[in-house]
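Could you build all of it, start to finish, from the sequences and the hints given here?
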Amino acid sequence: MTDSVGTFPAVQLRPRRGLQLCALLLLASWFAPGVALAQFQNPTPDELKMTSDPQAPGAAAVYLYREEKTDDPHSFVTIYERVKVLTEKGKSLATVSIPYEKGMAKISRIEGRTIHADGTVIPLTAKPDDLVSVKEKGFQEDTIVFTLPSVEVGSILEYRLTIRYDDNWLIPPTWDIQQAYYVHKAHYEFDPDMVGAGEKGRLMWGTTPAGLNIPVVTSPNKLTLDVADIPATPDDDSMPPLNTIRERVEFYYTSEINGAEYWKNQCIFWSKGMEGFANPSAGLKSAAAGMIAPGDTDEQKARKIYDVVTKLENTMFTREKSKQEQKKEKLKEIRKAEDVWKDQSGTPNQIALLYVALARAAGLKAWPMWLAPRDERIFSPLHFSIDQLSDFIVVLEIDGKTIYLDPGQKVCGFGQLAWQHTLTGGMQMNEGGAKLAVTPADTYKNNLTVRAAELTVDPQGGVTGTVHIEIGGAEAVELRQVAIEDGPDELKKKTIEAVLDDVPDGMQIDLDHFDHVDDYESRLVAEFKVSGSLGAPAGKYFILPGLFFETRAKHPFVAQAKRTTPIDVHFPRLDKDMVTYHLPDGYTVEGTPKTDDVNWPGSAMLKIDSGMQNNVLNVTRLFARNYTLLNADTYPALHDFYLKLAQADQQQIVLTRTAAPKGN
Amino acid sequence: MRNCTPLRIIAPTAFVFMSVMAHAAHGGIFNHDLPVPDWGLEAAKTHTPDYARDSPAVLLSDEYVETIDSEGRAVERERYAIRILQPEGRRQAECAVSYDVDEKINYFREWTIGADEKQYQAKDTDFVDKGDPNDSVMLMAEKTRIVHPPAADPGAIVICETEELLPPYEQEQQWNFQLTIPAVYQAFEVDLPAGRNYSTAWHRHEPIPPVQVSPGHWRWEVKDMKALDLRDVKATLEWRALAARMSVQWGMAAVDGADNQWRQLGLEYATLEAHRTDATPEITAEAQSLAAGAPDFYTKLKRVTEYIQKNVQYFVVERGIGGWQPHYASDIFRNRYGDCKDKTTLLISMLQVVGIHADYYYCVITV
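Residue numbers (this note's numbering), protein chains in the order written: chain A, 1 to 664; chain B, 1 to 367.
It is worth saying that the hints were derived from the structure and are not from the lab. Some hints could be false.
Here are some of the chain A residues that sit facing chain B, going by a computed Cβ distance under 7 Å [said to hold, decoys possible]:
id	residue
1	Glu136
2	Pro149
3	Glu325
Capping the alpha-carbon separation at 20 Å, the derived lysine to aspartate or glutamate pairs in DMTMM-like fashion look like this [stated by the list, open to error]:
id	chain 1	residue 1	chain 2	residue 2
4	A	Lys328	B	Glu117
5	A	Lys529	A	Asp577
6	A	Lys321	B	Asp229
Even for Gly, the Cβ is constructed at its ideal location relative to N, Cα and C.
Here it is as structure tokens:
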């Protein structure tokens, strides 16, 4: 997924800027935003009587009109909105909150009114509240909150306000064209400050989603956009981050001429910095030598160093030391990997870079990669900003084979990336410097979960037994990080909840013990004792859930027939379920779960099998999905697969009584 | 509730530098560079009892002193010391004070005795104020000041001291001495001016007789209070309903007997609601219009009640006394939003107009 991009050459603006500066002195009061405000629009009869919107069926509200104007040379933004309330839920739109950085921006000239369906106008008279969101030394974020009065279903809410920001700042806007509710019409304006952007400054903009033509109109001193009939932002399951799929235009100032030059220069600058930080100094060479043995292969060396580095204090799971502590403990500010080694502590990124330095010190080919975590954004090379990049991983080359490592995540096994770091892009160093690159996808085999139950069923439907669960891959990483951050009780709670959510109602699950919680190269193991009731015999029949672990599972993609957004399931996976029922005497099995392969070739499959021998019924279920990101055009096949899967998982075991149960 | 996009800033380095410098001179209420006080050092000597060994943290000592002036306004001082036992116990050791528009934090200090015995005091940069302005149905002015203690690792002892001027209308306090972590020693004191009385009520704990420290100054102590842990308890009441606590009254409700206390609390609340239900001509007209032609009492009641349900949006504006006192019916009618007491106020007002007498019924739904 990539965005499209536009540019706005500064050269066209620079001469006009001189004229504007002269005019500004004379017309300062005219430019004051409050004076520039237009009157509110009168509602049309159709708007007043609207009770629903055929273009947004079932919507709680719709935007009749939105307007955002950014005047960067004069440092203010005006926002104007008209909203039609269509349901009770839509009334919540009467409350408007605008976060801003105190001292850097000021919100003023708030005007608003509510217009009832009969045309009655109720002006906003209450003073808006200015509430602290966060305040700490050197930074305060406040939120202006106001509630438009007397809102009813059928009301039109209307307000406008001005945000004035400090003259020292350049604030190119981001136009979020797609809003939480359908937009009938919207108008955007941006007057960029090309003088403030500097001699070489250029204005560029990127648009999302990929392939969408957003017709930004450029005129000599202004960019405008008029849009109509914009659907609400999607709210589907398993979506990529919203900021990568909602329709929007993001502006930024840059001194680069094109993307190739921008990234080339960034790669050069970044790789120089990395060479300095991850330098295999004499101290690190000595440390690395202490970790490895002379006869070790390169992979053995890499693994041994990995074991040491991932055991260091990782401040993502503890806390970063304050300057006071650093001073008291005579710790230097971290400037290079050797400092991290001396402290035996670092942030995830510092630990990743320490690994690079130690691996190099041991003679290995190791490079850092700086990437965009996929849970936050999808990297776009057409967006010329390194702000997209935040996390470091390590790329190793051993015997011509590339191995990706994630030592900053603390609990990833050797060769495993956290799912957020798979299938995402960024800058990767290599022998020639650095280049843009994309990390590989994970495979389903790396994400195996095994669930095994041994259950004894009594004639009344009572059940006792054990459940054994093995969790590997990305899910194990998340659980182990929970254990480190929140303690063993939280791990226990989450694991039990995960089992209880899917097994039949009425089951009691008690954790017996965990294994391999700290052994990240092995699957996390949890053993449970289970008891409860699977129901009672009805006449001669006794019906048991066929797929014990899927009885109450909530299958995704079943309820929604159509979809326009991409799908991101985070990581591929493989689930193996094995359930053994020890059945009471006197019953024969009439029906057992069985499925010919439910198959979505190359993407997913389900196989259910069962067999009975001497009152012992074995049911196995194998589910694999071999995809991570899918385009919306694959949704019909995905939906079809999950419909079949959901149906297959609802199969039951039907027992027929052939003799009176013992004891009756 | 809509959130407009927050401003994203490109700030020149010089500007950021100036901003930081401007704040560096601000000493504020944090009172730097004080040594760990004697009471903190004393509390730190407390051994971790056996019953606390599996807990993430243990409260070694916690003492409140409520000093009441002649008007009934209280200054509350709290001193407490927590030992972190497990990594996840760090969260228990984040000292915090909540305050609203009518309250003032006189001081808030924090020290840590690290696991290595080194001593630290929290600096300005370790404190943060947080509000919650983005609740879709609530506008709250209350903020919480939190300190992130330095050196807060397992084995460390976090020592906090706060003093807060409470709002003038708050003439009671709850002492919640059963917590989510075990507590070795806790005390609560009330220091009253001459002529003022107090009363107490106990919940889930036998009453403990106080010790008189000096005339008008009383002290209660609780030792070895185990944590209330409901994690593995199914179908339980809410945690707060089961935790032991004491409440102390020093205002109108400082009288003997629960019935008398409730009666006084009712009278106190009646002063807050006085004239709030007065009907304006607009309210009168609307109510009369609703009741016009209604054949009986229930029809009138139904019409007015439905009007309130449909036309007054639930939205809480809680600022200082606003947490207790309803807005005027006229404001609620004009703005068409309010919280439970506001909706009740307008309902009472409109019912009065149509000849139905109604009163407030104040209840707590969470415990």
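Evaluated hints:
For A/Glu136, the interface hint holds, the least distance from its beta-carbon to any beta-carbon of chain B being 4 Å, beneath 7 Å. Checking A/Pro149 against chain B by beta carbon gives a least distance of about 4 Å; that is within 7 Å, so the hint holds. Annotation: A/Glu325 was flagged as interfacial toward chain B, and the flag holds, the nearest CB pair being 5 Å apart, inside 7 Å. For the suggested pair A/Lys328 and B/Glu117, the alpha carbons sit about 12 Å apart, so the restraint of at most 20 Å is met.
For the suggested pair A/Lys529 and A/Asp577, the alpha carbons sit about 17 Å apart, so the restraint of at most 20 Å is met. Between A/Lys321 and B/Asp229 the alpha-carbon distance is near 31 Å, which puts this suggested pair outside the 20 Å criterion.
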